[in-house]
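Q: Okay, here's what each chain looks like letter by letter:
There are 2 protein chains.
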Amino acid sequence: MQSEKGDAVKVDPKRFLADLHQLRSFGASGIGKGVVRPAYSQADMDARAWLMERFEAAGLRAAVDAMGNTFGLAEGESLLMGSHSDSQPEGGWLDGALGVIAALEVARAAKEAGGPAISVVSFQDEEGRFGVTTGSAVWSGQMNLAQADGLTDHAGVPLAQARRAMAGMVTGEVDPGRFSGFVELHIEQGPTLDRSGEQIGVVTDIVGIRDMKITFEGQQNHAGTTPMHLRRDAFQAVSAFNTALNDRFRNVVTPTTVWTIGHVTLHPNASSIVPGRARFSMQWRDGDSERLDRMEGIIRETALQVADDMGLTLDYGPMLGLEPVAMDPRLRGALEQGAARVAPGLWRNMPSGALHDATNVSRLMPVAMLFVPSINGISHAFEEDTDEVDLVAGLEVLAHAAAALDQTSTR
Amino acid sequence: MQSEKGDAVKVDPKRFLADLHQLRSFGASGIGKGVVRPAYSQADMDARAWLMERFEAAGLRAAVDAMGNTFGLAEGESLLMGSHSDSQPEGGWLDGALGVIAALEVARAAKEAGGPAISVVSFQDEEGRFGVTTGSAVWSGQMNLAQADGLTDHAGVPLAQARRAMAGMVTGEVDPGRFSGFVELHIEQGPTLDRSGEQIGVVTDIVGIRDMKITFEGQQNHAGTTPMHLRRDAFQAVSAFNTALNDRFRNVVTPTTVWTIGHVTLHPNASSIVPGRARFSMQWRDGDSERLDRMEGIIRETALQVADDMGLTLDYGPMLGLEPVAMDPRLRGALEQGAARVAPGLWRNMPSGALHDATNVSRLMPVAMLFVPSINGISHAFEEDTDEVDLVAGLEVLAHAAAALDQTSTR
Numbered sequence: 031m032q033s034e035k036g037d038a039v040k041v042d043p044k045r046f047l048a049d050l051h052q053l054r055s056f057g058a059s060g061i062g063k064g065v066v067r068p069a070y071s072q073a074d075m076d077a078r079a080w081l082m083e084r085f086e087a088a089g090l091r092a093a094v095d096a097m098g099n100t101f102g103l104a105e106g107e108s109l110l111m112g113s114h115s116d117s118q119p120e121g122g123w124l125d126g127a128l129g130v131i132a133a134l135e136v137a138r139a140a141k142e143a144g145g146p147a148i149s150v151v152s153f154q155d156e157e158g159r160f161g162v163t164t165g166s167a168v169w170s171g172q173m174n175l176a177q178a179d180g181l182t183d184h185a186g187v188p189l190a191q192a193r194r195a196m197a198g199m200v201t202g203e204v205d206p207g208r209f210s211g212f213v214e215l216h217i218e219q220g221p222t223l224d225r226s227g228e229q230i231g232v233v234t235d236i237v238g239i240r241d242m243k244i245t246f247e248g249q250q251n252h253a254g255t256t257p258m259h260l261r262r263d264a265f266q267a268v269s270a271f272n273t274a275l276n277d278r279f280r281n282v283v284t285p286t287t288v289w290t291i292g293h294v295t296l297h298p299n300a301s302s303i304v305p306g307r308a309r310f311s312m313q314w315r316d317g318d319s320e321r322l323d324r325m326e327g328i329i330r331e332t333a334l335q336v337a338d339d340m341g342l343t344l345d346y347g348p349m350l351g352l353e354p355v356a357m358d359p360r361l362r363g364a365l366e367q368g369a370a371r372v373a374p375g376l377w378r379n380m381p382s383g384a385l386h387d388a389t390n391v392s393r394l395m396p397v398a399m400l401f402v403p404s405i406n407g408i409s410h411a412f413e414e415d416t417d418e419v420d421l422v423a424g425l426e427v428l429a430h431a432a433a434a435l436d437q438t439s440t441r
Numbered sequence: 031m032q033s034e035k036g037d038a039v040k041v042d043p044k045r046f047l048a049d050l051h052q053l054r055s056f057g058a059s060g061i062g063k064g065v066v067r068p069a070y071s072q073a074d075m076d077a078r079a080w081l082m083e084r085f086e087a088a089g090l091r092a093a094v095d096a097m098g099n100t101f102g103l104a105e106g107e108s109l110l111m112g113s114h115s116d117s118q119p120e121g122g123w124l125d126g127a128l129g130v131i132a133a134l135e136v137a138r139a140a141k142e143a144g145g146p147a148i149s150v151v152s153f154q155d156e157e158g159r160f161g162v163t164t165g166s167a168v169w170s171g172q173m174n175l176a177q178a179d180g181l182t183d184h185a186g187v188p189l190a191q192a193r194r195a196m197a198g199m200v201t202g203e204v205d206p207g208r209f210s211g212f213v214e215l216h217i218e219q220g221p222t223l224d225r226s227g228e229q230i231g232v233v234t235d236i237v238g239i240r241d242m243k244i245t246f247e248g249q250q251n252h253a254g255t256t257p258m259h260l261r262r263d264a265f266q267a268v269s270a271f272n273t274a275l276n277d278r279f280r281n282v283v284t285p286t287t288v289w290t291i292g293h294v295t296l297h298p299n300a301s302s303i304v305p306g307r308a309r310f311s312m313q314w315r316d317g318d319s320e321r322l323d324r325m326e327g328i329i330r331e332t333a334l335q336v337a338d339d340m341g342l343t344l345d346y347g348p349m350l351g352l353e354p355v356a357m358d359p360r361l362r363g364a365l366e367q368g369a370a371r372v373a374p375g376l377w378r379n380m381p382s383g384a385l386h387d388a389t390n391v392s393r394l395m396p397v398a399m400l401f402v403p404s405i406n407g408i409s410h411a412f413e414e415d416t417d418e419v420d421l422v423a424g425l426e427v428l429a430h431a432a433a434a435l436d437q438t439s440t441r
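Chains as they are written, first to last, in the working numbering: chain A, 31 to 441; chain C, 31 to 441.
If you are wondering where the hints come from, they were derived from the structure by calculation, not from laboratory data. Keep in mind it's a predicted model, so treat the numbers as computed, not measured. Glycine included, C-beta positions come from ideal geometry on N, C-alpha and C. Careful: at least some of the hints might be erroneous.
Claimed, not checked - For each label pair, taking beta carbons as the anchor points, the in silico distance ranges come out as:
{"hint": "1", "chain 1": "A", "residue 1": "W80", "chain 2": "C", "residue 2": "P348", "range": "44 to 54 Å"}
{"hint": "2", "chain 1": "A", "residue 1": "R280", "chain 2": "C", "residue 2": "D345", "range": "27 to 37 Å"}
{"hint": "3", "chain 1": "C", "residue 1": "E326", "chain 2": "A", "residue 2": "I61", "range": "34 to 44 Å"}
{"hint": "4", "chain 1": "A", "residue 1": "T343", "chain 2": "C", "residue 2": "N281", "range": "26 to 36 Å"}
Let the sequences and hints guide you as you build the complete structure.
A: Below, the structure written as structure tokens:
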């Protein structure tokens, strides 16, 4: 048997679940297991203070940087594990929290076993009260603190003001150089594992995103007195664009490619007025940069053709883009090995369609991710949940990987 | 020559244009010829007080009913002419005002000539601060005063409160039985006459309207983690519905039929979220009730099929409907005769795609309408305008019709 080699760090599922439920008590919504714990809210800060105590109790050194990213540091070089503990305005109990508490349990168990050295992190504002994965963006140097301070939330509160409430908790900057890599356990936030009845997804890459606003401008007119052939109806342009695009994408996309028109604003948006202007979001995601480029070409070509055919003008907002991030083969291999042990026949490789802190951290060090199922694919909602047996499976894969990576690095 | 028979009442174009410009001074926006004179505003009430003076000066008896509909009454049975003098929140100088001042000039000139008996009306709140053609709706018994009083404007002000400001001007109810018919001159508010270079449109019928809200409810999902084949995207349903509908309508509609999706609301309307719900307006207009019915059948069938195909639920709001109103043949004939005299080769028969007070008044008496061009088809905007030569052409057609109708009724 392989009992001595590749064995997991011996984690305690009960202690892990108890901590996970305790974290849920900070900002508990009172509706199901939901939480309301947005970045820098009192609940978020209380949860981070509690995490710091937990880290110290586990023999880790608690540290908080200026952004509020909260660490539990092992001595010397260590593998970093974690996620985030802030939530959506109406969030679930697992999104982010699972990865933080699983990391805490692995680090604690590893400490008890005399190794390997595991550190823990809860990044701040992953859910984007102010930006997008703001805390890890600053920590990884994607954005400097002054830029972040200028961001405002929907109510107009600047980040600089929000983080002042945490100033008393800050211990100083945390040097990324002390970490050999980053592993993040997260709920899938999609239906794939839940539908297939599998327990574990080992992420191959975090898909790239392109996102822009498109505006068609035609002619606002009276909906009773303007004959159809004289209309330059901006909603009709959006619909024609969408129909043509779905058709043209067919030969370019794969089953994991996604594209979405999620936001549409018509002007003046009244039932008796032919819409003069339509502004809408066009977002597409794929693991392959070249495919993202090809899709962009088709989008621009289709929009231009619709505008020309229908006599409208066409305008693009700024293009937001994040390149796909491939997971590190060595870290990913350790997760696959763990998945094969913990959930034989019940795991798969899959891309992450959602963005995670790991995207930012990949600029600094090797990263890998694993998923457990989301029941009915639901997240960002009070109903978000995962069977506890799957939560524990995720924890155990993480523990296996921690041990395996320790052996490969010291081999 | 036909100088003695069918000759017009001798109107004074200069006096007519001077009055029209003076009415514009009440609520002049200071931008082009635009006006801001919504129902029951101080500018509206001042304009109505001025109209009452003008009516009295023309030998008519000024009268105001409880709603604020403002009349200039000839003695005995008379033909009623007019329109409305309230404006859109940002309105043009001619929408409604033209019909009132042209009626004043015809009534005044007729009085000077010793006949025929012409009365004038400016209905209140045609532009729908509170409802839809509210003043004529109450006068014609479509709605009683108590129902109207319960209507509120966008700011939440009840009509009952707004009309209290006019209470001192009210003289009493005006019996519709004293009028033999109603003729309304109005700007076209569409591009047809302006494009064709014609001066006069004699209305054949005011088209009927059907209007309802349709809601598709699917499943709100994460736009990154939800594969395309598992989505139930409400925006995609609206687009598929629209595309199918445009295709299916082809064999049913005529060149004057119109249909519009002018209002669309997605929920939650965010670029990274697959829309779970889409609510949109579906409005269609035609002069033929049976065609409106057939279109409704196609709309309901198409929406149901899209919902079934894409796995969404379908819901309809209340259906708002106004039946088409055919113009009275005798009144319309008099307008056609006038148009042939005043603008030979430069007039046409056409439907009215817009709703007018004449729709309500048709419940009480024979009605007819004529149009003059709207430059570039623009109305409900400060830029609204019509060449003065066309305004005068409209006045003269009205004067011809007044004389012709007097002869036919006394022949």
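Q: Next, verify each hint and record whether it holds.
A: So, going through the hints one by one against the coordinates:
no.	hint	verdict
1	W80/A / P348/C: 44 to 54 Å	holds, 53 Å
2	R280/A / D345/C: 27 to 37 Å	holds, 31 Å
3	E326/C / I61/A: 34 to 44 Å	holds, 41 Å
4	T343/A / N281/C: 26 to 36 Å	holds, 32 Å
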